[in-house]
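Dock chain A against chain R, hints included.
Chain by chain, the residues:
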Amino acid sequence: MQNNEQRTQTLQALRQLCRNTTSLTPADERSRLSTGIPALDGLLPGRGMEYGSLVEWLVSVDGSGAASLAMQGIRPALEHRAVWAVVDPAGEFYAPAVAGWGISLDSLLLLRPTSIADTAWTVEQCLRCAAVGVTWIQMETLPDRVLQRWKIAAETGGGVGVLFRPARTRRQSSWADIRWLVEPQTDATTAGRRVRVELVTCRRSFAGGSVELDVNDAAGDVRLVSAEADSTTAARAAGA
Amino acid sequence: MRRVMCVWCPLWPVQRLHVEQGERRSPLVLFAESRRGLHVTVCSPEAARQGIRSGMPLGEARALLPGTVTHRPRRPLFKPVFRRANPLLDRAELQRLALHCQRYSPLVGLEDVPAPESLWLDISGNEALFGGENGLIEALQADLGQQGFQARAAIADTWGTAWAVSHFGPAAVSVVPPAEQSQALASLPVGALRLADSVIDSLHSLDLSTIGRLMQLPRTALPSRFGTELLRRLDQALGTVPELLPVERSVEPLSAELLFEEPVTDRQTLEHVLGVLLSQLLGQLNDRRVSLREFQCRWLGTTTEPVSLRLLRPTTDRRHLLELLRLHCERCVFTRGVRGVRMEVVEMGLPPVRQGLLFENPADKAEQLQRALAELVDRLNSRLGCQAVLRPSLRPDPQPEFACEYVPWPGGKVFPSFETPSACRSHLRCRPLRLLRSPQPLTVAGSTKAGLPTHVNQSSIVRIVGPERIETGWWRGADARRDYYRLDLAHGAGLWAFVDRNSGDWFLHGLFV
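Protein sequence lines, in the order shown, are assigned to chains R and A.
Whatever position you read off the first sequence (first residue = 1), add 3 for the working numbering.
Whatever position you read off the second sequence (first residue = 1), add 185 for the working numbering.
It should be emphasised that the hints constitute simulated quantities derived from the structure, not laboratory data.
Treat the hints with caution; some may be incorrect.
To be verified - Residues of chain A clear of chain R, computed beta-carbon distances all greater than 12 angstroms: (1) Pro362; (2) Thr454; (3) Leu463; (4) Leu512; (5) Gln555; (6) Leu565; (7) Glu586; (8) Thr628; (9) Ser645; (10) Asp673; (11) Gly679; (12) His694.
Said to hold, decoys possible - As a list, the in silico SDA-like pairs of lysine to any residue whose alpha-carbon atoms are at most 25 angstroms apart: (13) Lys264/A - Trp659/A; (14) Lys550/A - Pro79/R; (15) Lys154/R - Arg564/A; (16) Lys550/A - Ala120/R; (17) Lys550/A - Thr144/R.
Idealized CB from N, CA, C, for every residue including glycine.
Same shape as in the complex, but just chain R:
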């Protein structure tokens, strides 16, 4: 009996310790950067990302809508620093879609390096620059050392690095502060697309939370899918 009480107290003490470790002061929360989606902010400590973070979006299917989710965070980030650097080695980034999201194209710095070495160097330079708010990059294969350099560069520059990688790299080690896994959900009843977003990694906090979101590209909004009510409670109330 005593052992159980001691165990409970120990667990409570550990929980409190964890809360103290992850909880932030109001000043810290103000210095955070929103993802543009309140449901995702709720999964992060301090309801937002830190400045100088590297955010990784793990995409299970090409064309699953991860970029549409990441786009929501561009406008809050550009309020502090007006330049959005897009590193586009493939030359397929389509700027008119950006204008459709209400982001001024004057803030867009589009970079088209031709080799992997140049791409890695370009991203590092953009992350290190104090004038760049967001550095956006899509690459499949990346050496671990490059990610480490990018992380240090992001911390030096204070901007945010947004990186898109395939979901198969989930098990690989990463220097990203936040890793989101985006999995499309099949639902033909909604007007837009439904995706499940899971917080795979979050530095200085616990990961594991997930939310389901409806992405409506035409309306330009992302909504949290409301959870279904527990059917057993209604059945009990009906005396079944």
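This is chain A only, laid out in the frame that chain R set:
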């Protein structure tokens, strides 16, 4: 006694482009953008013969000059050329010509108007070197003719008279004898006095078509009727009122050079030398209180391409400049030893003004960010090249692949970006973030009641949104007739595809990544 020559190059922007292209027969039309849209600013005589006039809407001009123009049968066809006017380049080229003309006079300048076409030369005392005024004017005209320019020239006591005679005189080359301005001007139209169009119209309405008739009127009545400008211009032409003329001065080139005793191939040595030369160059710039905007570094004794650096903002920051040079040198391939290095300033700029403040100022922070961005773009340009550092500019073209133009960042916007009204934003939001370089064929299967496919590339379609019909591009050759659909596949991918209405084939054009 002062003698002034006016050299007028009629239709200077057209002449400049003709000399650059080496093709004189093509009808050339230059246009600019204004509140009324695109309109013609100037055109070549070949285009004018087709009915093109300055101020005409560009669309009307294009209609008058469709496709090709044949002057004679069995002769090559000359396509009309439509170019955007570049007044800054026109002025810069005329300034270069003015500096070239300094061999005829130490005092040369451009006429003081927004779009100059004439040069003035103070030739007082210089005519003896060319065998008289006639010899001087003929030598200059022959010199310009060798460069491909057609010019009319006149010499007189005043700039006003020289300008009037060169523009409205009967001969291409005229010399007005000393103190005979009145006689030379008398027969010329009142437009030769460099007056505003409204004043010229007023004079014409009173049947005052020539300067001679104007000079017969009492001077006291002129200002109240036509404004003070008329009397001032008349007096300037007659020489009773002085006229200030701006002089073009050639700037002594700034350079630093170091020659080696033996050819050098070691990159560390070259980088050290670059640092030394850069310090010397910045020292010279500091003496003149100017900053570096563009400079060139030549490798003497080799065929290696010289390094040209143009900065986003003028700077004298040695660390930044040396870093840019190193980035450039990384790409240089030296086929043989370098015998020397020469660094030259191509363009200077005014140094950034810095006012120190006791407390932190938000404007200072903005300035710091601007400087950081300029340095970043300079670095990116140095390593990737300016064709890889771009800024998008929307174009009002419905065909997706032509709806955006990418211009190099340092040049800024070549064309003003098409403003997107809020109604267009939702339309653009339906565009994918990833557009393939060229549409890829899709394999479709099945058919719904509406005739749309149920499977694409062996994956079932759960939702189809569309169509968005686009029919455009007939003037580019092949007419684009497409119905765009958004296809949501069962495994979660969002495709942007179209069916070609000419062939009925499906193509993938983008991905909603």
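Okay, which hints does this one fail, numbers in order?
4, 5, 6, 7, 9, 10, 11, 12, 16 and 17
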